[in-house]
Amino acid sequence: GQQLNQSPQSMFIQEGEDVSMNCTSSSIFNTWLWYKQDPGEGPVLLIALYKAGELTSNGRLTAQFGITRKDSFLNISASIPSDVGIYFCAGLAVPGANSKLTFGKGITLSVRP
Amino acid sequence: DAGITQSPRHKVTETGTPVTLRCHQTENHRYMYWYRQDPGHGLRLIHYSYGVKDTDKGEVSDGYSVSRSKTEDFLLTLESATSSQTSVYFCAISFAGGGGTGELFFGEGSRLTVL
Numbered sequence: 001g002q003q004l005n006q007s008p009q010s011m012f013i014q015e016g017e018d019v020s021m022n023c024t025s026s027s028i029f030n031t032w033l034w035y036k037q038d039p040g041e042g043p044v045l046l047i048a049l050y051k052a053g054e055l056t057s058n059g060r061l062t063a064q065f066g067i068t069r070k071d072s073f074l075n076i077s078a079s080i081p082s083d084v085g086i087y088f089c090a091g092l093a094v095p096g097a098n099s100k101l102t103f104g105k106g107i108t109l110s111v112r113p
Numbered sequence: 001d002a003g004i005t006q007s008p009r010h011k012v013t014e015t016g017t018p019v020t021l022r023c024h025q026t027e028n029h030r031y032m033y034w035y036r037q038d039p040g041h042g043l044r045l046i047h048y049s050y051g052v053k054d055t056d057k058g059e060v061s062d063g064y065s066v067s068r069s070k071t072e073d074f075l076l077t078l079e080s081a082t083s084s085q086t087s088v089y090f091c092a093i094s095f096a097g098g099g100g101t102g103e104l105f106f107g108e109g110s111r112l113t114v115l
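Here the protein sequences line up with chains B and X, keeping their order.
So for the first sequence, our numbering puts the first residue at 1; every next one is plus one.
So for the second sequence, our numbering puts the first residue at 1; every next one is plus one.
These are calculated hints, taken from the structure and not from any lab test.
Just to be clear, a hint being listed does not mean it is correct.
[Stated by the list, open to error] A few chain B positions that, by computed beta-carbon distances, are all more than 10 Å from chain X:
1) Asp18
2) Asn22
3) Glu41
4) Ser57
5) Gly59
6) Asp71
7) Gly85
8) Leu109
[Stated by the list, open to error] If you anchor each label on the Cβ, the simulated ranges turn out as follows:
9) B:Asn5 / X:Thr15: 31 to 41 Å
10) X:Val52 / B:Gln9: 32 to 42 Å
11) B:Glu41 / X:Thr26: 15 to 25 Å
12) B:Asn22 / X:Thr71: 18 to 28 Å
13) X:Gly3 / B:Gly40: 14 to 24 Å
14) X:Ser67 / B:Gly16: 42 to 52 Å
15) X:Arg22 / B:Gly53: 41 to 51 Å
16) B:Ile13 / X:Val52: 45 to 55 Å
17) X:Glu27 / B:Ile28: 27 to 37 Å
18) B:Pro81 / X:Lys53: 38 to 48 Å
19) X:Arg9 / B:Gln9: 21 to 31 Å
20) B:Gln14 / X:Gly51: 41 to 51 Å
C-beta: ideal position from N, C-alpha, C; glycine also.
Take these sequences, add in the hints, and give me the full structure.
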């Protein structure tokens, strides 16, 4: 089946640093999304990307839909303690209401004050 | 915040007992999903529903059944719980179908421990 690869499993950064996360696949996806899960909560959508090459920002977050449609990245600038959590990438291979999202396994981000 | 309520939030049960988890939404969204989250596996889709009485299997549906008799409620049942079903279960809803936009709204999760 289709898989989305996120690595490493965990990242540790200092408060104030920028961090970049990648999500890759051997298959083409037509929609890429990034979700964040705070400890003890459900995931929340951060950014959705619908067009190859698209670059979208949401505050300190910037995400890009790779031109090959096989990857996406998420940048967090000037990290703060509340950035701690699990970051999931997700993709849709085929648009359509009954199509199902594929999720990556997530990256756990820790921010040292 | 999307109006999604999961119950119970925590449950400990014994192997072989039946368990039902409930997801209730107040958004009138057509699409509802059940995921499980396990370390090293991320989020995996168990079952989903695209309307009342319309359900379909996800990638890890064995050992689970679902029912949706009303738009607002989506029930996940473990007929005979096993230790491998110890997990955190998340309900999600979508107004356009996750396959339409990929935008899902998740509940807060139900932590199930099967002893």
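How the hints compare with the structure:
{"no.": "1", "hint": "Asp18", "verdict": "holds (24 Å)"}
{"no.": "2", "hint": "Asn22", "verdict": "holds (15 Å)"}
{"no.": "3", "hint": "Glu41", "verdict": "violated (6 Å)"}
{"no.": "4", "hint": "Ser57", "verdict": "holds (18 Å)"}
{"no.": "5", "hint": "Gly59", "verdict": "holds (18 Å)"}
{"no.": "6", "hint": "Asp71", "verdict": "holds (16 Å)"}
{"no.": "7", "hint": "Gly85", "verdict": "holds (13 Å)"}
{"no.": "8", "hint": "Leu109", "verdict": "holds (15 Å)"}
{"no.": "9", "hint": "B:Asn5 / X:Thr15: 31 to 41 Å", "verdict": "holds (34 Å)"}
{"no.": "10", "hint": "X:Val52 / B:Gln9: 32 to 42 Å", "verdict": "holds (39 Å)"}
{"no.": "11", "hint": "B:Glu41 / X:Thr26: 15 to 25 Å", "verdict": "holds (18 Å)"}
{"no.": "12", "hint": "B:Asn22 / X:Thr71: 18 to 28 Å", "verdict": "violated (38 Å)"}
{"no.": "13", "hint": "X:Gly3 / B:Gly40: 14 to 24 Å", "verdict": "holds (19 Å)"}
{"no.": "14", "hint": "X:Ser67 / B:Gly16: 42 to 52 Å", "verdict": "holds (50 Å)"}
{"no.": "15", "hint": "X:Arg22 / B:Gly53: 41 to 51 Å", "verdict": "holds (42 Å)"}
{"no.": "16", "hint": "B:Ile13 / X:Val52: 45 to 55 Å", "verdict": "holds (46 Å)"}
{"no.": "17", "hint": "X:Glu27 / B:Ile28: 27 to 37 Å", "verdict": "holds (31 Å)"}
{"no.": "18", "hint": "B:Pro81 / X:Lys53: 38 to 48 Å", "verdict": "holds (46 Å)"}
{"no.": "19", "hint": "X:Arg9 / B:Gln9: 21 to 31 Å", "verdict": "holds (26 Å)"}
{"no.": "20", "hint": "B:Gln14 / X:Gly51: 41 to 51 Å", "verdict": "holds (49 Å)"}
In this structure, the earlier hints numbered 3 and 12 are contradicted, and the remaining ones agree with it.
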